[in-house]
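Protein sequences appear in the order of chains A and B. Sequential numbering from 1 applies to the first sequence in this note's numbering. Sequential numbering from 1 applies to the second sequence in this note's numbering.
It is worth saying that the hints were derived from the structure and are not from the lab. Be a bit skeptical, because a hint or two may be false.
What the hints assert, rightly or not - Calculated Cβ distances over 12 angstroms to all of chain A for the following chain B residues:
#1 P2
#2 P53
#3 G61
#4 A190
Said to hold, decoys possible - Below, a list of computed lysine-lysine pairs in the DSSO-like style, where the Cα atoms sit at most 30 angstroms apart:
#5 B/K165 / A/K92
#6 A/K165 / B/K45
#7 B/K196 / B/K154
#8 A/K154 / A/K196
#9 B/K196 / A/K60
#10 A/K45 / B/K196
#11 B/K196 / A/K165
#12 B/K60 / A/K154
#13 A/K45 / B/K45
#14 A/K154 / A/K165
#15 A/K92 / A/K45
#16 A/K60 / B/K165
#17 A/K60 / A/K92
Claimed, not checked - Beta-carbon label-pair distances, calculated as ranges:
#18 A/G30 / B/W65: 26 to 34 angstroms
#19 B/E163 / A/S135: 36 to 44 angstroms
#20 B/P58 / A/K154: 26 to 34 angstroms
#21 A/G61 / B/G178: 36 to 44 angstroms
#22 B/L79 / A/L79: 31 to 39 angstroms
#23 A/P151 / B/L47: 38 to 46 angstroms
#24 B/G136 / A/A69: 40 to 48 angstroms
#25 A/E163 / B/W65: 16 to 24 angstroms
#26 A/P58 / B/R21: 27 to 35 angstroms
#27 B/E155 / A/P58: 48 to 56 angstroms
#28 B/E29 / A/A156: 41 to 49 angstroms
#29 A/P151 / B/V84: 50 to 58 angstroms
#30 B/N55 / A/E146: 43 to 51 angstroms
#31 B/Q121 / A/G61: 31 to 39 angstroms
Every residue gets a Cβ at the ideal spot worked out from N, C-alpha and C, and that includes glycine.
There are 2 protein chains.
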Amino acid sequence: MPRIDFWYEFASTYSYITAMRIANVAAEEGVVVRWRPFLLGPIFKELGWNDSPFNIYPAKGRYMWHDFARVCDEEGLPLQLPPVRFPQNGVKAARLALAGEADGWTAAFTRAVFTANYAEQRDISDDGTLRDILSGIDVDPDAAFEAANAPANKEALFAQVDEAKARGIFGAPSFTVGDELFWGNDRLEAALRWAKG
Amino acid sequence: MPRIDFWYEFASTYSYITAMRIANVAAEEGVVVRWRPFLLGPIFKELGWNDSPFNIYPAKGRYMWHDFARVCDEEGLPLQLPPVRFPQNGVKAARLALAGEADGWTAAFTRAVFTANYAEQRDISDDGTLRDILSGIDVDPDAAFEAANAPANKEALFAQVDEAKARGIFGAPSFTVGDELFWGNDRLEAALRWAKG
């Protein structure tokens with residue numbers, strides 16, 4: 001079965017939209033999705049950005065927030081902007097999402113974290129928020145945090161970021177099909193077509 | 001009839017794709033297009049960029065060139081990269097395109113300039129190239145250059161850039177429907193849907 005890798009960052013606005021729709025769209029096309037949480041911070045640093053480009057370039061930021069709301073509306077997705085400064089810190093959530101791959105709860109956890117961030121105005125860097133989310137998808141929070149904080153799992157997240165860089169990824173969401181890279185929620189359909197050959 | 005404004009810069013890669021497809025797509029949707037040539041240079045300068053962001057940020061640039069070729073291929077558009085350093089200087093072409101509005105040849109001229117740039121490897125800042133293009137669409141080159149270089153027309157191009165800035169435009173192609181802004185060739189269809197209400 002054809003496969004697509006979905007690279008996302010928990011702080012990323014458009015990754016929320018993709019996270020909420022990719023499972024259905026890919027299933028309709030008969031394409032398997034591998035969920036690849038990563039971090040944009042280290043990649044942005046190499047580009048000389050110590051903050052989100054949406055904060056550094058106000059015109060881009062203003063457009064993005066307006067467009068983001070417009071696309072959420074088109075997709076029927078709830079949107080309540082987060083109470084904390086954008087972008088939220090998604091490191092803990094990314095470690096948990098990666099740890100969840102072994103037991104198969106990465107997708108459900110990812111959707112719940114994005115919903116907490118963009119629809120429920122919760123602080124996704126807060127342990128309590130993350131524990132609630134894990135309980136809500138029937139995952140034991142203690143076991144999940146232990147797996148997430150294991151040195152091997154932290155290393156695996158660094159490796160995931162390194163792989164993203166090596167693949168030329170510079171934003172989120174991104175999609176890869178073999179070595180072929182697609183950037184942006186708008187290009188999900190093109191990536192799925194590519195996966196199907 | 002609903003109307004969409006199409007904002008483009010002659011140096012912009014994705015503006016080529018939009019320029020070649022917008023007339024057909026908009027006609028099918030029953031939407032009138034107003035062609036709005038402008039310049040990205042002055043807008044990028046305000047963002048602190050003295051060059052295209054695709055040159056400043058290599059990962060973005062590498063992705064863009066690959067993606068640009070892929071989308072041209074999907075759209076059945078010829079692509080031969082220009083012989084001169086990207087981005088080409090499109091100031092003269094923008095003045096001519098703006099001058100052409102009065103006589104209705106802006107769209108035909110714009111398509112021919114983009115084709116010269118991205119499919120015929122020609123230098124679009126060269127007077128000879130531009131005169132050939134004008135002749136090719138049955139426009140008198142002498143009269144067109146005279147109109148393009150008139151102080152009022154040069155001023156009109158500055159005003160066009162100022163209007164783009166005031167509308168929050170930071171890249172090309174962009175589309176406006178009233179005060180609603182859409183950025184990117186990928187969003188043409190969304191802009192047309194918006195125009196139709």
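Here is how each hint holds up against the structure:
1. The Cβ of B/P2 sits about 17 angstroms from the closest Cβ of chain A, beyond the 12 angstroms cut-off, so the non-interface label holds.
2. A cut-off of 12 angstroms between C-beta atoms contradicts the statement that B/P53 is not in contact with chain A; the least separation is 10 angstroms.
3. Under the 12 angstroms C-beta cut-off, the non-interface status given to B/G61 relative to chain A is violated; the minimum distance is some 10 angstroms.
4. Not every Cβ of chain A is farther than 12 angstroms from the Cβ of B/A190; the closest lies at roughly 8 angstroms, contradicting the non-interface assignment.
5. Under the criterion of a C-alpha separation no larger than 30 angstroms, the hint pairing B/K165 with A/K92 is inconsistent with the structure, at around 39 angstroms.
6. A threshold of 30 angstroms between alpha carbons decides the hint, and for A/K165 with B/K45 the separation of about 28 angstroms falls inside it, so the pair holds.
7. Note on B/K196 and B/K154: the hinted pairing is violated, with a Cα-Cα distance of about 33 angstroms set against a maximum of 30 angstroms.
8. At most 30 angstroms may separate the alpha-carbon atoms for a hinted pair to count; A/K154 and A/K196 exceed this at roughly 33 angstroms.
9. With a CA separation close to 25 angstroms, the supplied pair B/K196 and A/K60 stays within the 30 angstroms bound.
10. Between A/K45 and B/K196, the direct Cα distance comes to roughly 42 angstroms. Violation of the 30 angstroms bound is thereby established for this hinted pair.
11. For the hint pairing B/K196 with A/K165, the CA-to-CA distance comes to about 41 angstroms; that exceeds 30 angstroms, so the pair is violated.
12. The suggested pairing of B/K60 with A/K154 holds, with an alpha-carbon distance near 27 angstroms, which does not exceed 30 angstroms.
13. Annotation: proposed proximity of A/K45 to B/K45 holds, straight-line Cα distance about 22 angstroms (limit 30 angstroms).
14. Distance restraint check for A/K154 and A/K165: the Cα-Cα separation of roughly 17 angstroms lies within the 30 angstroms cut-off, and the hinted pair is therefore satisfied.
15. Between the alpha carbons of A/K92 and A/K45 the distance comes to roughly 19 angstroms, so the proposed pair stays at or under 30 angstroms and holds.
16. In summary, the hint linking A/K60 to B/K165 is supported, as the alpha carbons are separated by about 12 angstroms, within the 30 angstroms threshold.
17. A hinted pair counts as satisfied when its Cα atoms are at most 30 angstroms apart, and A/K60 with A/K92 qualifies at roughly 28 angstroms.
18. Checked against the hint of 26 to 34 angstroms, the C-beta distance between A/G30 and B/W65 comes to roughly 31 angstroms, which is consistent with it.
19. One distance hint, 36 to 44 angstroms for the beta-carbon pair B/E163 and A/S135, is violated here, with the actual separation near 53 angstroms.
20. Taking the beta carbon of each, B/P58 and A/K154 are about 29 angstroms apart, inside 26 to 34 angstroms as hinted.
21. For the hinted restraint 36 to 44 angstroms between A/G61 and B/G178, the CB-CB distance of approximately 22 angstroms leaves it violated.
22. Against the hinted window of 31 to 39 angstroms, the Cβ-Cβ separation of B/L79 and A/L79 comes to about 38 angstroms, which satisfies the hint.
23. About 41 angstroms separates the C-beta atoms of A/P151 and B/L47, a value consistent with the hinted range of 38 to 46 angstroms.
24. Against the hinted window of 40 to 48 angstroms, the Cβ-Cβ separation of B/G136 and A/A69 comes to about 44 angstroms, which satisfies the hint.
25. One distance hint, 16 to 24 angstroms for the beta-carbon pair A/E163 and B/W65, holds here, with the actual separation near 22 angstroms.
26. Remark: the range hint 27 to 35 angstroms for A/P58 to B/R21 is upheld by a beta-carbon distance near 31 angstroms.
27. For the pair B/E155 and A/P58, the beta carbons lie near 27 angstroms from each other, so the given range of 48 to 56 angstroms is not met.
28. About 48 angstroms separates the C-beta atoms of B/E29 and A/A156, a value consistent with the hinted range of 41 to 49 angstroms.
29. Evaluation of the 50 to 58 angstroms hint for A/P151 and B/V84 yields a pass: the beta carbon distance comes to about 52 angstroms.
30. Under the hint 43 to 51 angstroms, the C-beta atoms of B/N55 and A/E146, about 46 angstroms apart, fit the expected range.
31. For B/Q121 and A/G61, the hinted distance range of 31 to 39 angstroms is satisfied, since their beta carbons lie about 37 angstroms from each other.
Figure legend: structure checked against the earlier numbered hints; hints not met, in rising order: 2, 3, 4, 5, 7, 8, 10, 11, 19, 21, 27.
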